Each structure stands twice: as structure tokens, then as C-alpha cells.
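*Asks:* Take a look at the letters that make up each chain.
Protein chains: 2
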Amino acid sequence: MAILMPKPDEAILARREAVVEALRAIVPGEGTVSAPAAMRVFETDGLTAYRQLPLAVVLPETVAEVAAVLRYCHQENIPVVPRGSGTSLSGGALPLADGVLLVMSKFSRILEIDFDNRCAVVQPGVTNLGITRAVEHQRFYYAPDPSSQIACSIGGNVAENSGGVHCLKYGLTANNVLGVEFVTMAGEVIRLGGKHLDAEGYDLLGLLTGSEGLLGVVTEVTVRILQSPETARAVLIGFPTSEAAGACVAAIIAKGIIPAGMEMMDRPAILAAEDFVHAGYPRDVEALLIVELDGPQAEVDFLLSEVEAIALAHGATECRISRSEEERALFWAGRKAAFPAVGRISADYLCMDGTIPRKELPRVLSGMKALSEKHRLGVANVFHAGDGNLHPLILYDAARDDEFERAEAFGADILRLCVEVGGVLTGEHGVGIEKRDLMTEVFSEDDLRHQQRVKCAFDEKHLLNPGKVFPVLHRCAELGRLQVHKGALPFPELPRF
Amino acid sequence: MAILMPKPDEAILARREAVVEALRAIVPGEGTVSAPAAMRVFETDGLTAYRQLPLAVVLPETVAEVAAVLRYCHQENIPVVPRGSGTSLSGGALPLADGVLLVMSKFSRILEIDFDNRCAVVQPGVTNLGITRAVEHQRFYYAPDPSSQIACSIGGNVAENSGGVHCLKYGLTANNVLGVEFVTMAGEVIRLGGKHLDAEGYDLLGLLTGSEGLLGVVTEVTVRILQSPETARAVLIGFPTSEAAGACVAAIIAKGIIPAGMEMMDRPAILAAEDFVHAGYPRDVEALLIVELDGPQAEVDFLLSEVEAIALAHGATECRISRSEEERALFWAGRKAAFPAVGRISADYLCMDGTIPRKELPRVLSGMKALSEKHRLGVANVFHAGDGNLHPLILYDAARDDEFERAEAFGADILRLCVEVGGVLTGEHGVGIEKRDLMTEVFSEDDLRHQQRVKCAFDEKHLLNPGKVFPVLHRCAELGRLQVHKGALPFPELPRF
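Note that the protein sequences, when read in sequence, are chains R and Y. Per this note's numbering, the first sequence starts with residue 581, numbered consecutively. Per this note's numbering, the second sequence starts with residue 581, numbered consecutively.
Derived by calculation from the structure, the hints in this document are not laboratory data. It is possible that part of the hints are untrue.
Identical copies go unnamed one by one, so any copy, or any two together, can satisfy a pair.
Stated by the list, open to error - Using 16 Å as the maximum straight-line C-alpha spacing, the simulated EDC-like pairs for lysine to aspartate or glutamate come out as follows:
id, residue 1, residue 2
1, K954, D993
2, K835, E810
3, K835, D696
4, K835, D694
5, K835, E716
6, K916, D855
What you are looking at is a predicted structure, and each value in this text was computed from that prediction instead of being measured.
Model the full assembly from the supplied sequences, consistent with the hints where possible.
*Replies:* Here it is, written out as C-alpha cells:
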């Protein structure tokens, strides 16, 4: 394992039975789990290369129970790892040996649907797709759509600021959450936002969204719901080179068109998907774009003709518009199955998640080819092209010599390349443990200290999800004293008084 | 004056000459201003009822100078108030008698225009409209459009999270800013965001946006620019009652249509605007909607017909679609001149800024009528109806007995009413000093303490813009100790161990 987690506190491990008993007094019966066999199901999240049994698991059912568990752990200095459905791809919900795993799956009720204000109030354990299911009878839906949407919870979506294919037009989770209730590590219940536009005070709602379980435990979420578009049609566009596809993406955006989704796949991904799903993808192209447009019929027809014209002007060799809802679904079926499809052609793969300024696509793609040769491993590329969010799948076989280590090194090099062209380490999967040690590639020491000061404002004892996101944990008192930093800034010495 | 500012520190006032000398060593020549006559121009912002001369004014030109000024004031415990163009409507830039006013107007350069990535990098003193002017030759523009857009600076827009008529479709400043560079009170230079989608780490960019100059001084801003829509057309819709207009707004939104702008005016506002601008508004209606649709021609035509049908179904007595760009501009001219127009019919007015869930519009409007009688003062209403953002203009005459006090009490009652129906104190003007003492209507003590802990993470000594936003300033050390709060939470006593 390449990532070092904090060494478990022996004193806590020794008190395990007392801790379990205390937790059971707060969350009785099957709500507190301590048998290793029963905890096994929680030992990993979607980043399955890392596994760890927790000290104990609690599954509270009320906000009062959540607050009491946190208050107890705060008082006893026991770390807590919050968990939604456990689909995170960056290890954010990986348990700690000396920590309580706080599982929010029993918070599964839809509390209110308010069509007039176009929002829904739900508990954090409700699945992403569950929200859409609850409102679709009125032709409404919840827009962000991670691939895991059948299983992933809205609370987890808030923690990771999850994205999805349709985020190009409709935004990430942060753009679709109107309010949350959360509990701090000290057990305070705080409400942020609501059913209205922007509010006074600091934007703690934005801060909490994407905080990866380090600032608080979400106990209620108010989300915006949208009316389903009148029409949605997709177009498949094939190109002889990835560069041409990248230029076409830039031209569509520059024209002022914001497709509902704009996805790109390279040749290895196209072939893997086509062999698996038989979506009718062309086999003789180097890059494939799927562009979806939605809205009123008249708008969609107009924009489709514009997209087609731009594609042909950029050398597209194939351009096929879906003629029915079934055909549209088929176009997407290949893309949505791309990850398992790649799983069929490679024993194992690592899914990366870099984001770059859109116009750097060609440069990063050719850089990735060079890295593939350097590390002697194949790579298949699936992108949210419109967002500049890349998902390179690094192909390796864990059973063979040092391939896992090489795959990790290849992944780190790809992310460094993203940062080099002005991009960042993640678009929607989060840092978790996976990218934790790469944070210094993006942030200066000043930046990281500043982020941790904010962490201290919420969780002074560093008990919530420690070991995730930050490569080094400074003690809060230490950060407070760092008021003057020598030599870090480009300004002259101050005159003396 | 109803608002109490912190008592100036006599020790700082006594050292005024030494402070000015030290500032002059950092920002030489005319960059440091200390003559009262020369400082007079900075004594107020857009909330002109409050005036105060600062200790001194500095106008730095480089990031190094900003950092050095802040570092010096941090070391010497001197408060600092940052100021952009001074158009704030909530008193956020009101100077402090013992504080340095840090004026960012010399940061007026456009640093980079990147059409491929659809963004511009500018200094904070560039005006809002200045960004559009710099990119419009390529048919691009910057979307948020406060009424003060000719004068207000983008740095000030970031500080206040400014809105405008087009925010319904295109979002507030927070939704259009991609990155900032800012300097902390301790003089650290921090960069957030960039030209890419979402990034790892806490969303400090969102936190800084709308922080009203309490967290840092912005020295560079990267904004998203949009391609100008192919067409924009507006429709004027008159209603016999405000309730009918409110219901029409809700129906348009519920239909899934997001107009570029959807503004409402009540009868007093309509008549004042029409007398002033002669925009051709109907005089025989109780409420007027201006709905603008933009996008491709085909889409706009389609949506206009939908809006018209909804309006007629809701009892509209007049429905006029603009037939030319001139007519569209005329429709807006009345709305944009509504504030000065009201200034012609009333000696003075107070502009409020509450936001409510859209469907509560009728309830709030009738509540406002009752309050108008209670306080014996007239009110004219101009709304960003689509956002639920109200701008009631309370009409009074400062020269007459207790009218200013009654106007302030009326305003506070309106904001309390907004909060009562699930809304908030501000949509786009900020809290500043104007709404500071109403913060406890919205936030619990736990909430406010939590906000201040975040403030402490950025500015431990409370030197940046103190006295604004928070009704009470807790010392940071005190907040740190408040880890267990008794009785505030609805959970049972913990078992003892």
C-alpha cells in the first residue's frame, strides 16, 4: 500500500469494549455493530485497493443520535469517519482502525417535495436516483448524475461535490444544493441555506459541499429539482484524430452552445465499449464524441444543425443523430458501460480524475501517450470533454510483478501533467486518500495551512476523517501561531518603527 | 444614527502621524492620503446615511504593496477597511475612525483575455462593465449586471457576491468567478481556483465570494465570459393584481422556462418610472412584469409564445413583445431608472433587499401593505421576481420629524417578514452595517459563533472590516474554548463513563 494512514492510537484500541458499550447506549440494538464479520462489508469504499476494519460501526436513525455519537467521540478523542453508500472512488470513506464509522444509510426518507419552489428536502441516505424517482411523476428530476447514481447517496454527493455527464449544462452538486443541516464534531446542529436565493453570512454551504467529510456530518439536504426537458437528442461524431475531436469541443463551446453533455472516448475505450454493449459505435475512428442537446424541440433541432456543421468543419468522418429515445439510450449505453467494458479487456485498471482548461486537451492527450510508453502500461480515455474533466483508465494486472506500482506512478504523472497545464487533481471524485500526497503539487504551504485553519474552525481536534485530503496535519494551536511567514512573499522588508 | 460602530481606539488615533508616515514608506507619493479634505470623498459608500472619515487612505498599485500595508497594520493592530468603487448599498465600505481605508481603484488593468477557455483575468479595480467592454468585439460579455455596473468594481462584486437583472439565468457573481488571488490580514498571498472546473480542497473561493471584505483583500479575479446570445427579446405583461403577477411568475418557472430576466414592479413604481422615462408602460395595471428571453432565434420565438400563453391564462390584461432592439432597451429603461424615478416622487427612500421563496410573493406583498399602514409610510416595489429577491423602496422625508426612524423600523419589519416566510435578509446587497443587527433574526447563536470561527481562521485579530456583518464580535480565543454548548441541542443527556 503506497499511502500511509495515521498510526492507530493504542489507548483507544485498548478501550474498544467500553467504546462499543457507550455507543450502544446511544444507538441501541443493531444500530451499533462491532463483530468483525459484520463490519467486513464496511471495510472499503469504491477505491477497493485499500481496506481497513473500523473500531466500531454505528448506524444512527435520528439527528439527536448523530449529535450524541459525535459529542461522545469528541469528548473521548475518538476519530470518526462518516460514510454514505460507500461508492466514493478516492477512499474518502476508508475506515480507521481506531475510529468509529458513522454510517448514514438509515437516513433514507424524503421529507418534503415542493414543486412550487422547485426543490426537495431529503435525508442524506436517499440515493441520487431516488430523488428523481420521487419527483418524476410530475416530469421533474434531479440533475447531477454520477455513474453510481443508483447506489450513491445524496449526503455522499454533498461531501464529494459529485458530478456526472450532465454537469456541463446543469452544474455539479454545489450548483444544485440549496440548503443542508449538518452536525459538527462537537455535536452542534447547524442549518445552512434554504429554499431561497443567496443568503447573508459566509457561504458555509459552498464550503461544506466537497469537504469530503472533514467538516461535519450532513443530516438533511435541500436540492433544486428541474423540470425534465421537452426533448433530448444525442449525436455520435467520429474523428480521425483526438486533436480534431478536441478542437471540435472547443469550437462548440466557443459558439456559445452548452450541450446537456459532451463526452469523448478514445480508440481503446470505443472498442472496449462497442465489444461489450454493441452500441453501434464506429470502429474506424480514433476519437468519438457524444453530444447531447436538450430543451424545447425547436431549440434542440436548431442546435443540432449547428453542432453538425461545426463537426463537419472539423473533419468529422461520421455524424449520426439519434432518431428515437431508444437510439439515444443506446448511444449512452456504451459510454456508461465504458468502465466495466475496460474491465473486460484488462485484469485491473486505475481510474484517474484530472481536470484541465479545455483548450489544453490535445497537449495532455499527446503527453499521456508518451507517459504510457514510459510506464509500459496501456491507457483508455473517457472524458467529460465539455468540462475538461478527464478519466484516464490505466490498464494493469495486479498479479504481475510491479504493475500496480507502475500504474500508481503513471497516474501520479498524469495528474502532474494536468497541474502543469493549469489544471487540477480532481474534477468530481475528490482527494480522499488517493490523491492526498499529491496536494503539494497544487497548493503552496501557505495555501495548505490556510485550508487547515478552516478545518480547525470546524473540528479543532482533527477528529473528523483524519488522514484524508491533507498530506500533513498541523495541530490547530500551531497554525494559530503562524502569523508571520518569513521570506514567502515577494514584498520588501518593512521599514522599522 | 441607529447603528453603533465599535468605539475608536484612542491609542491608535494618538499615533496617527506615525501611522501615516509608515504607510507612506510603503505606498509613496499620492498613494497615501491623510488630509481630511482629500479623504472626504471616501467618507461614505452607497449607503450615504452613514459617514465617517478614516484614519488614513492608501491606494496601493501592486500586490506587494497591498501585502506590506496589511502586514504592517496586522503587526500594529490597526483595523483595515477595503474599498472598491464604493457603490455598496449596505455600508460595507464605511471607514472606521481608527482604521486605514485600503482603496483598490488603481488595480485597473485587464491582465488576460482567453477566448478559448472563455475567461478573463482582471485586476479587482476593473469595473463590471469594463470587462464586457474588453471582450464585446468578439461578441462575448460578463453576465452579472448590478445596476451600478458602469461604476462598481469586480473586486467589490466578489466581496458582495453582487447580482443583477440577469442573475436568474446566469447566476450571481459566485457562479461566474473561476479564480481569485487575495491577501490575508497577515499579508499572505493566496491563489484560489483557476481556469478549470471544480478543484480539490475546500471551496475557499465560494467562501471568499460574498465575505464583505472580512476575510481578505482580493488582488486578482478570473471570471467566466459568455458569448452574447444570438437574440434577446423582452415582453411587457400587465396584471390587475400583484397576486396574479406573482402566480404567473411561479407558473413560468414551474413550466421549466428560465428567462434571462424576470422583473416585477408594483403600481407606485410603474407610475414613477413611466413619468420619468416614458417607456410606454401601461398606467392602468397594478403590477407589471418584464420578462426577457435570450438565445437562438428559434428558441426565443418558441419560449415567447409559451410565456404569452401562461400570462393570458393568469389574467394578464396587456402583453407586448418588443419588436426591435430599441423597443427592448426602452422596456428596460423604465426598470433600470426605477430607483432615481422613485427619488423624484419622494424626498428620500430606503432600498431594502430581502429574498423569499418565490411562492410566498403574494403573502409578503399583502403583509407589506399592512406594514405600510402601520408605519404610515409609502412603499414602492421593484423585484427580481424570478429570484424571489425584493427591493422595497420605503418612501420618507428625512426633514420631517421621526420619518427616518420610522422608515428604518418599517424596513426591519419587512426583513423580519421575509425571514418569517422562510427567506433571508439580503439577496445581493450584503449585510454590511445596514442589516448587521438583524443577523440574529436569521441565525442562532451556534450559527453566528460558527461563522466567526471561520472569520478567525482568516483574521484572528479581527482587524479586517470589524463592525460589519456580525452584531457581536467574540474574541477568537473565546470561540475556541466553546466546545460544549449546554441545552442548545435536542438530544438526551449522554450516559456517563
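*Asks:* Would you list, in rising numerical order, the hints stated earlier that this structure does not obey?
*Replies:* Going through the list in order, the structure violates no hint and respects every one.
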